[in-house]
Amino acid sequence: MPGKPKLHYFNGRGRMESIRWLLAAAGVEFEESFLETKDDLTKLQKDGSLMFQQVPMVEIDGMKMVQTRAILGYIAAKYNLYGKDLKERALIDMYVEAIIDLNELLMTHAFQPADKKEQHLATIVDKATNRYFPVYEKVLKDHGQDFLVGNRFSRADVQLLETLLMAEECKPDILAKFPLLQSFKARISNIPTIKKFLQPGSQRKAPLQEKDVPKLMKIFH
Amino acid sequence: MSGKPRLTYLNGRGRMEPVRWLLAAAGVEFEEVFLETREQFEKLIKDGSLMFHQVPLVEIDGMKMVQTRAILSYIAGKYNLYGRDLKERALIDMYVEGITDLMQMILMFPFSPPEAKEKNIDSIKERATNRYFPVFEKVLKQHGQDFLVGNKFSWADVQLIEAILAVEEKIPAVLSGFPQLQAFKIKMSNMPTIKKFLQPGSPRKPPPDERYVETVFNIFKK
Chain A
1 MPGKPKLHYF NGRGRMESIR WLLAAAGVEF EESFLETKDD LTKLQKDGSL MFQQVPMVEI
61 DGMKMVQTRA ILGYIAAKYN LYGKDLKERA LIDMYVEAII DLNELLMTHA FQPADKKEQH
121 LATIVDKATN RYFPVYEKVL KDHGQDFLVG NRFSRADVQL LETLLMAEEC KPDILAKFPL
181 LQSFKARISN IPTIKKFLQP GSQRKAPLQE KDVPKLMKIF H
Chain B
1 MSGKPRLTYL NGRGRMEPVR WLLAAAGVEF EEVFLETREQ FEKLIKDGSL MFHQVPLVEI
61 DGMKMVQTRA ILSYIAGKYN LYGRDLKERA LIDMYVEGIT DLMQMILMFP FSPPEAKEKN
121 IDSIKERATN RYFPVFEKVL KQHGQDFLVG NKFSWADVQL IEAILAVEEK IPAVLSGFPQ
181 LQAFKIKMSN MPTIKKFLQP GSPRKPPPDE RYVETVFNIF KK
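Protein sequence lines, in the order shown, are assigned to chains A and B.
For the first sequence, counting from 1, position 4 maps to 4 in UniProt numbering; every step adds exactly one.
For the second sequence, counting from 1, position 98 maps to 98 in UniProt numbering; every step adds exactly one.
Quick caveat, the hints were computed from the structure, so don't treat them as lab data.
It is possible that some hints are incorrect.
Label-pair restraints from in silico Cβ distances [said to hold, decoys possible]:
no.: 1; chain 1: B; residue 1: Met63; chain 2: A; residue 2: Gly201; range: 38 to 46 Å
no.: 2; chain 1: A; residue 1: Gln209; chain 2: B; residue 2: Asp146; range: 48 to 56 Å
no.: 3; chain 1: B; residue 1: Lys46; chain 2: A; residue 2: Lys46; range: 50 to 58 Å
no.: 4; chain 1: A; residue 1: Tyr79; chain 2: B; residue 2: Ile171; range: 24 to 32 Å
no.: 5; chain 1: B; residue 1: Ser176; chain 2: A; residue 2: Asn190; range: 54 to 62 Å
no.: 6; chain 1: B; residue 1: Ile171; chain 2: A; residue 2: Lys78; range: 32 to 40 Å
no.: 7; chain 1: B; residue 1: Asn151; chain 2: A; residue 2: Asn11; range: 36 to 44 Å
no.: 8; chain 1: B; residue 1: Asn151; chain 2: A; residue 2: Lys46; range: 29 to 37 Å
no.: 9; chain 1: A; residue 1: Pro200; chain 2: B; residue 2: Pro114; range: 50 to 58 Å
no.: 10; chain 1: A; residue 1: Ala114; chain 2: B; residue 2: Ile186; range: 51 to 59 Å
no.: 11; chain 1: A; residue 1: Lys46; chain 2: B; residue 2: Phe111; range: 44 to 52 Å
Computed list of lysine to aspartate or glutamate pairs in EDC-like fashion (alpha-carbon distance at most 16 Å, straight line) [stated by the list, open to error]:
no.: 12; chain 1: B; residue 1: Lys64; chain 2: A; residue 2: Glu97
no.: 13; chain 1: A; residue 1: Lys127; chain 2: A; residue 2: Glu97
no.: 14; chain 1: A; residue 1: Lys87; chain 2: B; residue 2: Glu214
From the three backbone atoms N, C-alpha and C, an ideal C-beta is built for every residue, glycine too.
Make the full structure from the sequences, and use the hints.
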């Protein structure tokens, strides 16, 4: 029964945000069901909806998909955002896996105890500016094209933009030394589907506030 | 230049072992370069071989591939171990990702302090028997086929047999409540390419020991 994909998660970014970005970038409308309490999670677990008892879970094309990477891979392939052949796919995967590594760091920042926050931010900035951003800056410089892979819009572009914006939320001038990433950011943000997603009122979620952390811990622990 | 894929990593399992398994299962011969010192590692970084300054590195088809999942997906795609269509691929990905979460616990185990080791074994046992193994037991029971997806050998089967054997090394009786997985284990172990990989002298690496842990600290210390 064709319908919109339905996303099951809490009302926040977490591991579902990349999925929201990719669906939005592909121009796919989706519904969301928010977990508010531990009971909401338990109910989903008990009715067999969650293969490994975890969210994210996305109902799409008759499947109850779990595992963020599996979901992203399916959406990317379905909507032709995964390159034109195995080798482009390999490049996209390499770029995306590193972005996910950086995202993990960014995502866990809100959960750091107060005495570890500053050190954690320093680690984020160090990895972002010394390990990850230089790679994408060079890729863009070397081929001079608008998109990361194959001169064509792909999931790599979407996921990189998402991460660049999140990194800027941590440190507003983090892109200071990366002119091509700055122009990439402007360019990709102007793609109509993405521009729409970046406007207020879209399904894009706000950064996690410290006050929300206890509620989250209650649902997942 | 032999044309065989070339793997660069430590002389141990770590994050490269699933790659060794998959190439071996696909019947693909490969070469290995072992990192023994920090200097070797730094040289690789300096000469630009490591896209994100990390190993695993697999040189294959003219590419210097990094990021374990990217490497595994490429190999699976190239050797027809990734299902027939998007939906089979989705299923394989879900299964592989779940198994990878379980394997992550095994991967991290050698690096936990001695006083936490018993608790960690209990956690591995709990997750394996309550969260992960029941899923695959049920999948095999429901379709009654030899392989997890689409009645055809795939990456998911290779990942699962690797995980079963790795968990059994820590918890020998872990499959006792899982008859389908016991049969699966025997069937997979008897597939010619996998049987060969399970024999002494193959590229399969032994479980990590103290020496391996020490090498990891020496090479990757921050």
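Status of the hints after comparison with the structure:
1. B:Met63 - A:Gly201: 38 to 46 Å: holds (43 Å)
2. A:Gln209 - B:Asp146: 48 to 56 Å: Given about 50 Å between the Cβ atoms, the range holds.
3. B:Lys46 - A:Lys46: 50 to 58 Å: 54 Å Cβ-Cβ, so the 50 to 58 Å window holds.
4. A:Tyr79 - B:Ile171: 24 to 32 Å: violated (42 Å)
5. B:Ser176 - A:Asn190: 54 to 62 Å: holds (59 Å)
6. B:Ile171 - A:Lys78: 32 to 40 Å: holds (39 Å)
7. B:Asn151 - A:Asn11: 36 to 44 Å: For Asn151 (chain B) and Asn11 (chain A) the Cβ distance comes to about 41 Å; the hint holds.
8. B:Asn151 - A:Lys46: 29 to 37 Å: Given range 29 to 37 Å: holds, Cβ gap about 31 Å.
9. A:Pro200 - B:Pro114: 50 to 58 Å: Distance hint for Pro200 (chain A), Pro114 (chain B) holds at roughly 53 Å.
10. A:Ala114 - B:Ile186: 51 to 59 Å: holds (53 Å)
11. A:Lys46 - B:Phe111: 44 to 52 Å: violated (35 Å)
12. B:Lys64 - A:Glu97: holds (15 Å)
13. A:Lys127 - A:Glu97: Holds, at about 14 Å.
14. A:Lys87 - B:Glu214: violated (36 Å)
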